[in-house]
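Number of protein chains: 2
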Amino acid sequence: MTKDRSLPIHPIGVIRTPHKEAEKTPIQPCFAREIRGEIEVNPEFAEGLMGIEGFSHLHLIYHLHQAEPGPLVVKPFLTDEPTGIFACRYPERPNGIGLSVVRLLGVEGCRLVVEDVDMLDGSPLLDIKPYFPKADRPEGTWGGWTEEVDSQDAQLRGKRQSNHG
Amino acid sequence: MTKDRSLPIHPIGVIRTPHKEAEKTPIQPCFAREIRGEIEVNPEFAEGLMGIEGFSHLHLIYHLHQAEPGPLVVKPFLTDEPTGIFACRYPERPNGIGLSVVRLLGVEGCRLVVEDVDMLDGSPLLDIKPYFPKADRPEGTWGGWTEEVDSQDAQLRGKRQSNHG
Chain A
3 MTKDRSLPIH PIGVIRTPHK EAEKTPIQPC FAREIRGEIE VNPEFAEGLM GIEGFSHLHL
63 IYHLHQAEPG PLVVKPFLTD EPTGIFACRY PERPNGIGLS VVRLLGVEGC RLVVEDVDML
123 DGSPLLDIKP YFPKADRPEG TWGGWTEEVD SQDAQLRGKR QSNHG
Chain B
3 MTKDRSLPIH PIGVIRTPHK EAEKTPIQPC FAREIRGEIE VNPEFAEGLM GIEGFSHLHL
63 IYHLHQAEPG PLVVKPFLTD EPTGIFACRY PERPNGIGLS VVRLLGVEGC RLVVEDVDML
123 DGSPLLDIKP YFPKADRPEG TWGGWTEEVD SQDAQLRGKR QSNHG
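Those sequence lines, one after another, are chains A and B.
If you use our numbering, the first sequence corresponds to residues 3 to 167, in order.
If you use our numbering, the second sequence corresponds to residues 3 to 167, in order.
Just chain A, same shape as in the assembly (with noise of 0.2 Å):
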C-alpha cells in the first residue's frame, strides 16, 4: 500500500484510436460506429486473450488520462441540465475511469482490432471483460434523461465533429 493509499492498479496495454484530441472524441460508442482502433496488450498478457475471439463485444475498462477530477454536478454533452457526476459517463470523475462496449473485429496476437471506438488515442487499458449478454443485457433497463434527449441532436452533440469541414 503506498502513502497516498492508490489502489494497485497498473496499464496492461494502450488503446489506439484515431481521436487525438479530447474535444473531437465521440463520446460514446454509439456515435463512434464503424471507427477503428486497436487495443495493443502487453506481451506479457498475451495468454490471458485465449477465447477472447469468441465474443461480438468487450468491455474496455481504461484510464481517462487525459482528465482530472472536476466538479460533481457537470453540464454532461447530451444536455444543458445540470446532472451529477455519476448520473452521467462525463469524463472528468472522482476516479476517472472509463468504460465502452466496444465491437470485436479479430484478434493478431497481442492485437485486438476492434470498432466503435470512443476513447483518446493512447488511453492506458486497465482491463478487459467480455460482453455477457446474459449479465450485461438485463431486461427493463430505462436510461433516464438520457431517454428524452432527441435522437438527431444526440447524434449530432455525441459525435462532436465539426459538420462545417
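It is worth saying that the hints were derived from the structure and are not from the lab.
Misleading hints may appear alongside valid ones.
[As the list claims (entries may be wrong)] Taking lysine-lysine and the BS3-like style, the derived pairs with C-alpha atoms no more than 30 Å apart in a straight line are:
#, chain 1, residue 1, chain 2, residue 2
1, B, K136, A, K77
2, A, K136, A, K22
3, A, K26, A, K161
4, A, K22, B, K136
Given chain A's structure and the hints, the job is docking chain B onto it.
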C-alpha cells in the same frame, strides 16, 4: 505519481451485500436476482448523485479487494475449459477491478438501494456509471463460450449457494 506508478484511484464509497464469503458469492448479477444490497457513497460525493434516480440500472465499478492477481489462464466458474482471464469475468485479474450491472431501487441521501448484487460485502466502490441503453445494449451481441453453457448448470454454478442446506 507514486513510486510504484499505481494510478491515482481511491475508494469513493463501499458496497454492502449479504455475501460475506467469496466462495459463496454469486458470480454475476444474473445469478443474484432479487438479492438486495446498498451502496454507501461517501458524503463528500453526495452531489454527484443528482439525477441518478431516473435510471433503472447502474454499472458499479469496484475493487475486488479480496482477490489477488492469479494465472492468466483460469477455469472460470461456468466452465471447466481453460480460458484467458480477459475472456471471462473471473475475479483474480491483473487489475482487481470488478464490473456489475445492478438494478436501482431507490436513493436515500448517500445510500443507493440496489438489487441483483453479486459483490462481496465491503467491496470498495470506485465509480458509478448509469446504464445507458443506447450505448450499453449494442445489437448483435454474442457471448463466446458462455453461449454454450447449459442454463440450468449455469444457475447452479453461478449462484454458488449450497442446494443441500
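Comparing the hints with the structure gives:
| no. | hint | verdict |
| --- | --- | --- |
| 1 | K136(B) - K77(A) | 19 Å, holds |
| 2 | K136(A) - K22(A) | 35 Å, violated |
| 3 | K26(A) - K161(A) | 8 Å, holds |
| 4 | K22(A) - K136(B) | 25 Å, holds |
In terms of the numbered hints stated before, the structure departs from hint 2 and from no other.
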